[in-house]
Amino acid sequence: MKYSAYSIFRQALSGNRNWDRAWREPEPKSHYDVIIVGGGGHGLATAHYLAKNHGITNVAVLEKGYLGSGNVGRNTTIVRANYLLEGNEPFYSQSLKLWEGLEQELNFNAMMSQRGVINLYHSDGQRDAYARRGNAMRLAGEDAELLGREEVREMLPYLDYDNARFPIHGGLLQRRGGTARHDGVAWGYARSADSRGVDLIQNCEVTGIRREGGRAVGVETSRGFIGCNRLGLAAAGNSGRVAQMAGMRLPVESQVLQAFVSEGLKPFIDQVVTFGAALFYLSQSDKGGLVFGGSLDMYNSYAQRGNLATVESVMEAACAMVPAVSRVKVLRAWGGVMDMSMDGSPIIDKTPVDGLYLNCGWCYGGFKATPASGWCFAHLLATGETHELARAFRLDRFTRGTQIDETGHGAQANLH
Amino acid sequence: MASLITCPHCGIRPKEEFSIRGDARPVRPAPEAKFAAWDAYVHSRDNVRGVMEEHWQHVGGCRRWLVVERNTLTHDVHGVTDAADYTRARAASASRAGTKGRVANATKRRGNI
Numbered sequence: 001m002k003y004s005a006y007s008i009f010r011q012a013l014s015g016n017r018n019w020d021r022a023w024r025e026p027e028p029k030s031h032y033d034v035i036i037v038g039g040g041g042h043g044l045a046t047a048h049y050l051a052k053n054h055g056i057t058n059v060a061v062l063e064k065g066y067l068g069s070g071n072v073g074r075n076t077t078i079v080r081a082n083y084l085l086e087g088n089e090p091f092y093s094q095s096l097k098l099w100e101g102l103e104q105e106l107n108f109n110a111m112m113s114q115r116g117v118i119n120l121y122h123s124d125g126q127r128d129a130y131a132r133r134g135n136a137m138r139l140a141g142e143d144a145e146l147l148g149r150e151e152v153r154e155m156l157p158y159l160d161y162d163n164a165r166f167p168i169h170g171g172l173l174q175r176r177g178g179t180a181r182h183d184g185v186a187w188g189y190a191r192s193a194d195s196r197g198v199d200l201i202q203n204c205e206v207t208g209i210r211r212e213g214g215r216a217v218g219v220e221t222s223r224g225f226i227g228c229n230r231l232g233l234a235a236a237g238n239s240g241r242v243a244q245m246a247g248m249r250l251p252v253e254s255q256v257l258q259a260f261v262s263e264g265l266k267p268f269i270d271q272v273v274t275f276g277a278a279l280f281y282l283s284q285s286d287k288g289g290l291v292f293g294g295s296l297d298m299y300n301s302y303a304q305r306g307n308l309a310t311v312e313s314v315m316e317a318a319c320a321m322v323p324a325v326s327r328v329k330v331l332r333a334w335g336g337v338m339d340m341s342m343d344g345s346p347i348i349d350k351t352p353v354d355g356l357y358l359n360c361g362w363c364y365g366g367f368k369a370t371p372a373s374g375w376c377f378a379h380l381l382a383t384g385e386t387h388e389l390a391r392a393f394r395l396d397r398f399t400r401g402t403q404i405d406e407t408g409h410g411a412q413a414n415l416h
Numbered sequence: 001m002a003s004l005i006t007c008p009h010c011g012i013r014p015k016e017e018f019s020i021r022g023d024a025r026p027v028r029p030a031p032e033a034k035f036a037a038w039d040a041y042v043h044s045r046d047n048v049r050g051v052m053e054e055h056w057q058h059v060g061g062c063r064r065w066l067v068v069e070r071n072t073l074t075h076d077v078h079g080v081t082d083a084a085d086y087t088r089a090r091a092a093s094a095s096r097a098g099t100k101g102r103v104a105n106a107t108k109r110r111g112n113i
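Residue numbers (this note's numbering), protein chains in the order written: chain A, 1 to 416; chain B, 1 to 113.
Simulated from the structure, these hints should not be mistaken for lab results.
Computed from a predicted model, the values in this text were never measured in an experiment.
Even glycine gets a Cβ: it sits at the ideal position worked out from N, Cα and C.
Listed next, the in silico EDC-like pairs over lysine to aspartate or glutamate satisfying Cα-Cα at most 20 Å (straight line): (1) B:34 x A:396; (2) A:329 x A:286; (3) B:15 x A:312; (4) A:52 x A:105; (5) A:287 x A:263; (6) B:15 x B:76.
Going by beta-carbon spacing under 10 Å, a handful of chain B positions derived as facing chain A: (7) 3; (8) 15; (9) 19; (10) 23; (11) 35; (12) 44; (13) 47; (14) 52; (15) 71; (16) 72.
Extracted from the complex, chain A is given alone in its bound form (with noise of 0.2 Å):
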């Protein structure tokens, strides 16, 4: 069923209790193409475009919960393209780009708005990062603006702007940025996989990776053995699981992340807002509520909840980015688990196991990345070889020393 204006007008008629089912609820086949380990963005995105662009249909998604019940339901959802390096940024770019036509894409309604993404900057040295960091953008083909205090003054005027610690200099402004309704965006690339052949199995754990030969042969699941030629692990905060099963270690490790939403307010923030004097991030849903987050609780967890010192550090960034919000109520606060990797770059590589292909190490930006990461995942599946936009990503370049360490932290995990 196509969804449009006229669907809904002529499902109103009948009192709206005519809809189809957004996707079938399949029972498992003995045997597929691409098994997809992980129901979340990035595994339903890549079985739509398996589907799309490679034809490959008898694809099964596997998914131990409901589907988007990970971290694709749980970010704060902002979608942008302003990374650094070359590594990164033509992926972001491209990514971008597939989110502008994602909904006619799809025919469905994932609220993308671009209202815009700001960094703020609070000295010359950061704003010399931020001007560099412009200008690597637009060589990449993206838009990018450094603003000066009174041009983000205009855009932003309820800032403090005198912060005695952190005043604000300006900010770098990427207008095509802003964010998308996140449950949309998987149930989206759900309907649109299931639509095309995709069988999508909720409630199916997988418990075991089963070789022969070196070769994935198929995965145990708590529904049973189902085979296939080529396995795809898309799993997020429990990719170091998964691999596991297959006798691998990662260079991943599984943090917790918070994120907030506030009662409802009138339209105040119009732009998505990122705080430089600390790891902050805020904007405004349709809804009214603020959606914010900060840095991660900093220990490995796999919880899907923080803890309160944590709490604390994003509400006084909050107050000390915006302080008209120090009276208003959070109303909900919730965690996921990050699939940090050794220099914040993800992974998008096949594996020393024959058959077996990874699609991991997303840290905290994995929501973004949600279009370009199953257009290449579903690129190398189909394929076998690894596609241009991620040819960065492999899983080795911490062996051949090729990381693409946008912040200089090196090896540890919970700094990126």
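Position chain B against the provided structure of chain A, taking the given hints into account.
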């Protein structure tokens, strides 16, 4: 996570006094060790889901390095050992087992939680 941590030197203290470094299991290779050993030590992780031994430092107290047993799934804290005692116990256990490096069961002196 437990709000209170029993430091073997300072007694019961709030957890905010401590800073967490990460997995305590990997053993730093010898300087002349092969590249692969260093690569594995620096880059690869077991990424434990369950009880993990972690290096913590009591930065707001005695500044000693500690090894804390913590469950990464539930955040429960099970035991606290001084890092020096932990390392000695592992070395002794390794020499008894006649193996180098990774040891399955290091003995620990547990704090009262």
